[in-house]
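Produce the complete structure using the sequences and hints provided.
Chains as they are written, first to last, in the working numbering: chain A, 1 to 192; chain B, 1 to 997; chain C, 1 to 98.
A few of these clues could be false.
Examples of chain B residues lying across from chain C (beta carbon under 7 Å, computed) [claimed, not checked]:
| # | residue |
| --- | --- |
| 1 | Gln253 |
| 2 | Asp886 |
| 3 | Arg891 |
DEER-style ranges, computed between Cβ atoms [to be verified]:
| # | chain 1 | residue 1 | chain 2 | residue 2 | range |
| --- | --- | --- | --- | --- | --- |
| 4 | B | Ala900 | A | Thr61 | 54 to 64 Å |
| 5 | B | Gly628 | A | Glu34 | 26 to 36 Å |
| 6 | B | Gly628 | C | Ala30 | 29 to 39 Å |
| 7 | C | Arg47 | A | Ala166 | 39 to 49 Å |
| 8 | B | Lys838 | C | Met1 | 53 to 63 Å |
| 9 | C | Met1 | B | Gly628 | 41 to 51 Å |
Worth flagging that the hints you see were computed from the coordinates, not collected in a lab.
Beta carbons: idealized from backbone N, C-alpha and C, even for Gly.
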Amino acid sequence: MAKVAAKTAPASLSVGRRSALAGREALGAGVKVEPLGPAERVSLRAPAESAASLSRALGVTLPEKPKTSAAKGGRVVLWLGPDEWLVLDEEGKDLLGDCAKAKQLHSAVGISHRNMAISVSGPAAEACVSAGCPQDLSLAAFPVGASTRTVLGKAEIILYRPAADAFRVECWRSFSDYVFTFLSEAARDAAA
Amino acid sequence: MAASYRISGAGRFSHAKVAKFSFDGKPYAGIEGDTLASALLANGVHLAGRSFKYHRPRGILSAGAEEPNALVEIRRDAARRTPNVRATVQELYDGLEAASQNRWPSLSFDVGAVNDLASPLFSAGFYYKTFMWPKAAWKSLYEPKIRAAAGLGVAPDQPDPDHYAARFAHCEVLVLGGGAAGLAAALAAAETGVRVIVADEQADFGGALRFEAGARIDGQDGWAWAQGVVAKLKAMDNVRVLNRTTAFGYYAQNFIGLVERVSDHLAAPGRDVPRERLWQVRAKKVVIATGAIERHMVFADNDRPGVMLASAARTYLNHYGVAVGRNVGIYTANDSAYAAALDLKKAGVTVAAIVDLRDNPSGQLVDQARAANIEIHDGRAVVRVGGKLRVNSMTVQKRTGGGERTLPVDALLMSAGWTPSVHLFSQSRGKVAFNDEVKRFLPGTYAQDCVSAGACNGTDGLAASVDEAYAAGAKAAKEAGGKAAKSAKPKVEASEGWSRGMLGAAPGAGPGTTVKAFVDFQNDVTAKDIRQAVHEGMRSIEHVKRFTTNGMATDQGKTSNMHGLAIAAEELGKPIPQVGLTTFRAPYTPVTFGSIANHARGALFDPTRRTTTHGWAEKNGAVFEDVGQWKRAWYFPKAGEDMHAAVNRECVTVRKTAGLFDASTLGKIEVVGPDAATFMELMYTNPWQKLAPGRCRYGLMLREDGFIYDDGVVGRLAEDRFHVTTTTGGAARVMNQMEDYLQTEFPHLKVWLTSISEQWAVIAVQGPNSRKIIEPLVEGIDLSDEAFPHMSVREGKICGVPTRLFRMSFSGERGFEVNVPADYGEAVWEALWAEGQKHGACAYGTETMHVLRAEKGYIIVGQDTDGTVTVNDAGIDWAIGKKKADFVGMRGMMRPDLVAPGRKQLVGLKTKDPNVVLEEGAQIVADPNQPIPMKMIGHVTSSYWSENCGRSIALGLVAGGREKMGQTLYVPMPDRVIEVEVSGAVFFDEKGERLNG
Amino acid sequence: MLLIHCPYCEEERPELEFRNAGEAHVVRSANMAGESDEDFEKFFFIRSNPKGIIYERWRHIHGCARFFNAVRDTVTDKFVMTYKAGEPKPKKLPGVAK
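Structure below.
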């Protein structure tokens with residue numbers, strides 16, 4: 001068999017993304033549940049000593065306090081654990097490339113396709129998420145900018161509150177049908 | 001039909017809003033605001049059901065959640081039939097259909113009532129003693145018959161069409177109970193600004209103010225004050241007011257379960273309204289204000305319809321505007337029943353007499369009764385009543401005995417006193433203490449951050465209750481961070497107070513009597529039954545309870561527990577606290593399965609995980625199998641093919657040309673960091689330090705005990721980066737085990753783990769033509785055998801998207817596993833499929849994957865291993881790095897039993913008849929003629945028909961198996977014994993030449 | 001449902017986010033290969049299973065994902081305190097009479 005030289009595939013071969021939640025939407029009194037578009041995502045792990053270097057590389061200061069986040073431009077960094085952050089770039093900019101610029105010890109793993117994001121918005125958004133999330137999501141306990149890994153029903157989620165009446169719910173791709181369906185059910189009763 | 005017992009001018013609901021309903025098919029009219037019970041009583045109907053054991057006719061005892069008798073079925077349609085609904089709680093709606101239970105052929109003529117005549121046979125413990133023998137008859141005869149004859153309603157046999165909602169809620173102060181005390185506590189807490197939730201089981205807040213006619217608070221009628229407070233609370237942003245909401249369970253750390261009945265009271269609930277809403281509340285502080293429940297008097301035939309609690313009759317009058325009779329008798333041991341007599345008399349109902357067990361009762365209410373010319377027979381007892389389907393007389397006798405006098409009555413109201421509702425306090429693990437002076441159990445030692453206030457705390461009188469509750473609410477809120485409150489405490493200007501009363505059997509039902517004086521109405525337990533239990537040796541109240549079933553019905557003994565305890569104590573000759581109280585358990589009142597299951601049914605019962613190619617597989621006729629939460633394509637039958645034919649075709653096609661398989665469900669972990677290889681050395685049996693970047697290795701993971709835990713192919717992407725795969729089922733637990741060791745045993749290692757299971761869709765392309773299929777689509781990777789040998793990994797592009805391309809094989813053929821970011825998975829599959837079609841490739845599912853790997857003797861962890869299989873047992877010692885100083889399981893696998901001879905070893909099994917396919921799990925013996933029980937020396941772990949081999953193949957674990965090569969063993973089956981020959985585990989291409997073929 | 005204080009998240013979180021991971025302070029030998037059968041038995045199989053105070057490992061698996069240690073009373077089911085993985089057994093327990 002002949003050697004196959006590295007070559008460029010024809011452009012026609014290029015395939016597009018297919019979201020697991022394409023076309024879905026759920027409305028309830030005071031709440032809207034809809035899938036969010038693709039985003040670049042990196043699971044970033046690093047000791048505290050590397051935080052400054054990574055912050056410079058990413059252009060956002062890594063949050064150090066539990067249950068907090070930092071945002072700049074289209075980039076959001078969620079604190080998930082003492083050495084763990086989820087970095088999001090909704091403009092699709094190269095997060096792994098930026099992380100690689102930081103020379104301090106860290107691990108950056110691309111998970112753009114692992115997670116799906118669902119937006120829950122409206123005055124009843126908090127009630128909608130509270131149908132399945134056991135954390136206190138009042139603004140006093142879970143203020144704007146708060147983020148955490150937690151559970152929704154029988155699935156693990158990452159919950160981020162970009163605004164008082166909006167939540168970003170991230171879950172693994174194959175759990176997105178369950179999570180979306182759960183939130184849709186919850187939306188029916190969120191006004192109560 | 002006219003509601004002839006409705007009193008004009010009485011009650012709190014407009015008579016104009018009529019609600020029609022039916023009971024046992026007969027039409028009636030009630031008014032909106034009624035309960036089913038009040039509407040029946042308004043129509044003069046007392047007979048509501050038959051009792052559990054004796055089928056005795058039963059009426060309506062109470063006006064609340066404690067109701068033991070009036071249990072009915074509510075029907076909306078065939079699927080919406082709710083049995084055992086308390087008529088006293090069910091709100092009336094227009095069109096409501098109710099039916100009585102536990103009777104045949106009709107409520108007034110019930111054949112089962114023969115049990116009442118035969119009741120000497122059915123005394124306490126009857127079932128335990130009688131149906132002892134023969135044992136086998138329990139299952140086939142006794143139990144089904146008894147269950148059919150006894151019992152309550154019938155469960156619906158169709159799926160529940162309603163939906164249920166759930167909410168986690170958090171607050172600083174949760175107030176349980178919305179009577180005067182609860183409202184005062186909620187008000188005090190609310191005004192400090194903290195989050196307050198107040199819940200009450202009734203449709204309207206107010207509790208005892210429903211009947212307590214004379215109460216005046218803050219210059220208003222008590223009931224009006226309560227509604228004003230509710231309106232005020234509802235207007236506050238920090239308060240959630242939940243009516244029709246029962247606190248059913250008090251769990252650890254102030255976690256309380258509430259069920260809100262959202263639409264059971266509506267004539268036409270909309271499709272989007274849940275039937276019930278489950279609230280799981282976490283509160284910093286809890287104020288328990290659950291009030292008190294009136295006890296009945298224990299005397300002969302005290303269960304006749306028309307005999308009811310005095311406070312219930314008062315509620316029906318003052319709240320619903322319904323008189324429970326026209327000529328009413330009263331039997332009491334405390335003052336509160338006098339108020340009922342006075343209210344009824346005022347409403348124009350004849351009060352035949354008040355029979356008071358006490359000598360020379362005195363006090364304001366007694367004086368008022370005398371002033372109203374109500375006959376009072378003090379120091380006397382009602383020893384029996386007349387009437388069967390409805391009480392028609394009461395027979396009065398001096399407490400000390402003597403002549404009897406019978407008075408006609410059409411209802412008899414009784415009150416033995418009030419039992420504080422300590423259920424929720426007790427559920428919170430608080431310890432109750434017996435107050436001997438007032439003969440009641442009260443909250444004693446608290447186990448959680450809660451406080452009791454009002455009647456449930458033994459505080460008598462409205463004024464004292466409100467004061468105590470207001471202070472409790474204010475204190476709780478302040479301690480939970482509330483601001484200083486500015487509101488004034490509600491001022492109670494007129495109130496009733498009642499305490500005392502009696503416990504146990506009344507005169508005429510005392511020791512030595514054989515009358516049916518009911519203690520527990522719902523389970524048909526009489527005073528005599530309790531005494532008998534003591535006679536038969538039950539000493540602990542827990543034993544008495546179980547022997548007699550006192551307090552074990554759906555009402556949980558709300559009215560019966562104290563009486564039962566007092567009778568047992570008297571019989572034992574011990575003071576009540578020494579006999580003790582049974583434990584109160586959740587739920588306080590019955591809770592529907594629907595509210596507990598809630599969203600977790602149908603599509604939301606458990607997450608269903610689908611791979612990216614699920615849609616394609618569906619369109620192409622795949623049959624799916626469940627693998628954990630995953631749906632995986634099992635096989636792809638073509639028209640006319642059964643599973644066998646499809647799998648045979650798929651197996652042959654893969655080896656002949658190629659096949660595509662979705663392997664996305666495999667767990668994947670990215671191990672990154674300068675110490676990645678060191679960590680891998682510790683986690684896996686294999687050596688990793690010298691594995692070159694770009695190469696792969698089969699990894700075997702043990703548990704610390706030395707048994708096989710998981711396996712998978714691992715690719716080294718860079719010096720500091722591994723792409724690890726795990727089994728589908730092991731994905732989560734392997735990640736957990738690796739994190740566990742990394743965080744707690746080897747925290748010094750500079751390495752991190754990230755699950756990438758769902759980042760990458762994985763398409764296995766296997767077969768001699770696999771390279772030809774992927775070749776046109778791949779860029780940036782040299783696919784030649786020299787540049788990209790078996791067990792290699794490269795990063796590049798396929799179809800223009802990034803890929804981690806593995807050259808590996810779980811089929812034994814030349815093969816690739818194409819990893820692409822998940823959103824591209826299906827499109828890349830389609831592109832590969834299009835290429836595959838040019839070469840006659842097929843799509844194959846998990847069954848073919850299993851057969852192909854079994855033909856090659858590749859094990860599946862969890863199928864060929866079961867948590868007791870060592871590396872040596874599995875015959876894969878080559879996977880152990882011999883020079884390693886440590887890895888998880890290294891010490892465990894050296895344990896004496898794990899290296900002893902005679903262990904079960906994985907071998908191949910060939911049936912003597914090649915057409916016979918063994919059953920997986922079948923046991924293996926050396927001698928099929930030995931007596932039963934035979935000595936089993938192993939079992940079949942994997943077994944298939946192999947079209948490629950033209951025969952059946954199997955793997956099995958056999959004791960000393962590798963020394964038995966070529967020997968004949970036997971697999972006894974129910975219908976025959978199958979002969980097998982022990983063989984090597986590789987059935988196809990033993991030399992492994994096809995990996996590069 | 002219990003509330004458990006996660007020493008990394010620095011607040012109480014609902015039990016649903018956690019998973020128990022067995023007894024704490026069971027040390028894996030640095031020289032596993034050299035362990036005697038008796039020592040391995042103690043290390044792997046024998047657990048204290050006390051009535052009263054127990055030291056155990058928990059993982060905030062659906063939170064910060066950290067393993068940590070907890071002191072719990074097996075009689076009351078109450079958590080006495082929690083502390084980070086790797087920290088020594090606390091010498092004094094708050095609110096526990098010795």
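Quiz item: Of the hints given before, which are not true for this structure?
Solution: 9
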